[in-house]
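**Student:** Residue numbers (our numbering), protein chains in the order written: chain Y, 109 to 264; chain B, 1308 to 1499.
If you are wondering where the hints come from, they were derived from the structure by calculation, not from laboratory data. Quick reminder that beta carbons are idealized off the backbone N, C-alpha and C, glycines included. The reader is advised that the hints may include incorrect statements.
Using C-beta positions, here's what the derived DEER-type ranges look like [unchecked claim]: (1) Y:Ile242 / B:Gln1425: 37 to 45 Å; (2) B:Met1326 / Y:Phe206: 18 to 26 Å; (3) Y:Phe160 / B:Thr1435: 39 to 47 Å; (4) B:Asn1364 / Y:Phe141: 53 to 61 Å; (5) Y:Leu167 / B:Ser1311: 31 to 39 Å; (6) B:Asn1356 / Y:Phe206: 37 to 45 Å; (7) Y:Phe141 / B:Gln1393: 28 to 36 Å; (8) B:Asn1349 / Y:Glu211: 17 to 25 Å; (9) B:Met1326 / Y:Gly208: 20 to 28 Å; (10) Y:Leu167 / B:Gln1393: 34 to 42 Å; (11) Y:Gly110 / B:Asn1346: 54 to 62 Å; (12) Y:Gly208 / B:Glu1395: 17 to 25 Å; (13) Y:Phe141 / B:Asn1380: 31 to 39 Å; (14) Y:Ile120 / B:Ile1493: 53 to 61 Å.
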Amino acid sequence: MGAVKNMVKGFIFTGIYVLFTVVIPLVFFTLIFSIEGLPLEWEQQDKNNITFWIVAFGLLVSGLAFFKYSSPKQSIRKAVFALVQVIVNCLYIWSYRFSGAAEITFVISDFGFFSLDVSQMLLIYMGIYFLTIILRVYDVIDFTINREKIRENRMK
Amino acid sequence: MRASRVFRLLVRIFISFLMVTATLVSLLGGLSAVMILSNQDNFGIDTDNAEFNLEVNNSTLAIENVNFSLPFNITNTGYFDLENLQLEIQLGLNYSQIDGGGPGVNETRVVKILERTQNFGDIPKGLTGNFTFFGDNNSFLHTNFPDPLTDIDWTRSPALEFYANFTISLDYSVGMHSISITVINIKVSEFP
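All chains should be built: construct the whole structure from the sequences, respecting the hints.
**Tutor:** What follows is the structure, encoded as structure tokens:
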């Protein structure tokens, strides 16, 4: 029963991650690209770049979420997948910066242009994720050292 | 619960607190940016009161003194202070070159005569900052000025036209958002 429950949990969290890392960002950027009367300085190639990296890293993060959440509680497998997932999450956030999505520039005809840069915000999130990496490494070590104790508790 | 798990829980709570705080600040910052930018009155570049003083020697037509001032104001209607407010101005001089393109053929030219960035500090939330940008004689790129005797066609009216590009840039939400607004090709003065 536990295995089925874990699988269901894995699928549910994969869905949540797909929603937050792929669907919502894609809808957001599609809406921004379709604002009328406020043309973006981005070109089609920029849009393709942004979409590609969001989908690529978003699916990777979501796939790892399945393995993480379907693994038994306090298992080494879970800790390893959680560590890999948080590292890929950092790359996912960084992809917003190198794909150009962190700086949005609107061209206002006969006036000039307006730009919004959120690179600093992404760096702050990456800093927080770095702390999470430390926590995940701690988990891997903890679950490995206390392997027997965890197994005994699970059997009880 | 094992002691290691209690320690982990404490670190987890700390990281969650950081994450929630960063998310709240970025959401409120985004909302504030929309509130500030959606009302054009919040950004006032007063080009009507811009002053461009050009002192030309009547006999040699040499430029003796030049300065430029531009009043502007920004109202911070958001939730956080606006930080590191900067105004960058590029001033271009438009004139007709007497012999441009060959004798007797006049050609309109634009040269950059001023490029200056001035920092105006912060604007606390809920307040309006009134500032004046000032470019003195030393700020101007005198080497770029055309020779008044041999280059400028003084028969054209006006002989000199001054156009400006303005860029207002600022940081918001503890530096998490950087905003810049550029206004291009605004006529600020003419001479004579």
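**Student:** Confirm or reject each hint.
**Tutor:** So, going through the hints one by one against the coordinates:
| no. | hint | in the structure |
| --- | --- | --- |
| 1 | Y:Ile242 / B:Gln1425: 37 to 45 Å | 43 Å, holds |
| 2 | B:Met1326 / Y:Phe206: 18 to 26 Å | 23 Å, holds |
| 3 | Y:Phe160 / B:Thr1435: 39 to 47 Å | 44 Å, holds |
| 4 | B:Asn1364 / Y:Phe141: 53 to 61 Å | 55 Å, holds |
| 5 | Y:Leu167 / B:Ser1311: 31 to 39 Å | 34 Å, holds |
| 6 | B:Asn1356 / Y:Phe206: 37 to 45 Å | 44 Å, holds |
| 7 | Y:Phe141 / B:Gln1393: 28 to 36 Å | 29 Å, holds |
| 8 | B:Asn1349 / Y:Glu211: 17 to 25 Å | 22 Å, holds |
| 9 | B:Met1326 / Y:Gly208: 20 to 28 Å | 25 Å, holds |
| 10 | Y:Leu167 / B:Gln1393: 34 to 42 Å | 40 Å, holds |
| 11 | Y:Gly110 / B:Asn1346: 54 to 62 Å | 57 Å, holds |
| 12 | Y:Gly208 / B:Glu1395: 17 to 25 Å | 22 Å, holds |
| 13 | Y:Phe141 / B:Asn1380: 31 to 39 Å | 33 Å, holds |
| 14 | Y:Ile120 / B:Ile1493: 53 to 61 Å | 56 Å, holds |
Hint check: no violations occur; every hint is consistent with the structure.
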